[in-house]
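Q: Heads up: the protein sequence lines correspond to chains A and D, in order.
Per the numbering used here, the first sequence starts with residue 23, numbered consecutively.
Per the numbering used here, the second sequence starts with residue 23, numbered consecutively.
There could be a bad hint or two in this list.
One copy or two, either will do: identical chains are not told apart, so a pair holds if it fits within one copy or between any two.
[Claimed, not checked] Pairs of lysine-lysine residues, derived as DSSO-like cross-links and limited to a Cα-Cα distance of at most 27 Å, are as follows:
#1 LYS40 <-> LYS106
#2 LYS40 <-> LYS142
#3 LYS73 <-> LYS106
#4 LYS142 <-> LYS106
#5 LYS40 <-> LYS73
None of these hints come from the bench; they were simulated from the model.
Source: prediction; values computed, not measured.
Chain residues, written in single-letter form:
There are 2 protein chains.
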Amino acid sequence: MIGLLIISHCELGNELLKAAELIMGRLENADAIAITQTSGSQEMIDSISEKIETMNEGEGVLILTDMFGGTPSNLSLSFLGDEKVEVLTGVNLPMVISAAQDRHHFALGDLGERAKEAGKRSIALAGQLLKSE
Amino acid sequence: MIGLLIISHCELGNELLKAAELIMGRLENADAIAITQTSGSQEMIDSISEKIETMNEGEGVLILTDMFGGTPSNLSLSFLGDEKVEVLTGVNLPMVISAAQDRHHFALGDLGERAKEAGKRSIALAGQLLKSE
């Protein structure tokens with residue numbers, strides 16, 4: 023099963039997983055790393071590297087980060103050369119839920135594309151959503 | 023100043039505010055409500071209503087929710103009739119940071135539109151982002 027790893031500032035990633043589990047039930051092979059500093063370090067890169075190795079069951083790991091340009095994203099980008107890692111920025115709850123559902127049916131590249139679209143589609147002004155229904 | 027109120031499952035909203043403050047410094051008139059149940063209640067509606075009243079300094083309150091269709095969004099939708107409330111779904115960190123910056127320069131309707139676009143724009147596959155730069 024493709025691994026889902028959320029790397030974020032503070033406990034954002036853990037709370038996203040908790041919220042997703044409240045809605046979907048327990049998620050296997052899903053984890054989060056909290057970054058509480060505004061600059062990266064070799065130690066953090068090593069701990070991400072270990073986590074990826076543990077979570078990769080052969081089908082790869084989708085890393086979801088909170089914001090392009092932030093430390094969690096910058097740290098994650100160093101793993102992009104690895105063909106078993108895909109990095110998607112701007113994580114929100116619908117993206118996590120979509121990825122958790124779709125990873126049973128799609129390979130890593132397609133999973134990233136679908137989670138990206140699900141995340142974007144979920145962002146809407148509620149008044150406009152209700153009018154268009 | 024327009025209020026920023028994040029209503030989410032679990033502590034997602036509080037962690038988004040913590041992450042935004044780690045990056046931007048202390049945010050005034052910004053708060054979060056954590057919903058830990060999968061169904062709403064009159065008590066929750068009352069507590070959101072009180073929070074909106076406290077946070078509305080005349081320019082209104084932008085409510086950011088985690089997912090359209092979830093309990094936090096459903097509860098928030100009952101305040102849509104109020105012209106001083108706008109509800110934006112699918113909250114992520116770039117949306118919070120954008121809204122926190124823009125609320126000094128835009129009225130509530132425009133702020134919602136801009137935060138929506140910032141949130142959508144921030145969701146990208148990092149490999150594609152790097153190639154296009």
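Q: Between the shortest in-copy and the shortest cross-copy C-alpha distance, which are at most 27 Å for LYS73 and LYS106: within, between, both, or neither?
A: Cα proximity of LYS73 and LYS106: one copy only (13 Å, versus 45 Å across).
Q: Between LYS40 and LYS142, at a C-alpha cutoff of 27 Å, which is it: within one copy, between copies, both, or neither?
A: both (21 Å within a copy, 23 Å between copies)
Q: My question is about LYS142 and LYS106: at a cut-off of 27 Å on alpha-carbon distance, are they close within one copy, between copies, both, or neither?
A: both (24 Å within a copy, 26 Å between copies)
Q: Checking an output row: LYS40 and LYS73, CA cutoff 27 Å. Within, between, both or neither?
A: Both ways: LYS40 and LYS73 sit 19 Å apart in one copy and 24 Å across, limit 27 Å.
Q: What label fits LYS40 with LYS106 when the C-alpha limit is 27 Å: within, between, both, or neither?
A: within (25 Å within a copy, 31 Å between copies)
In terms of the numbered hints stated before, the structure departs from none.
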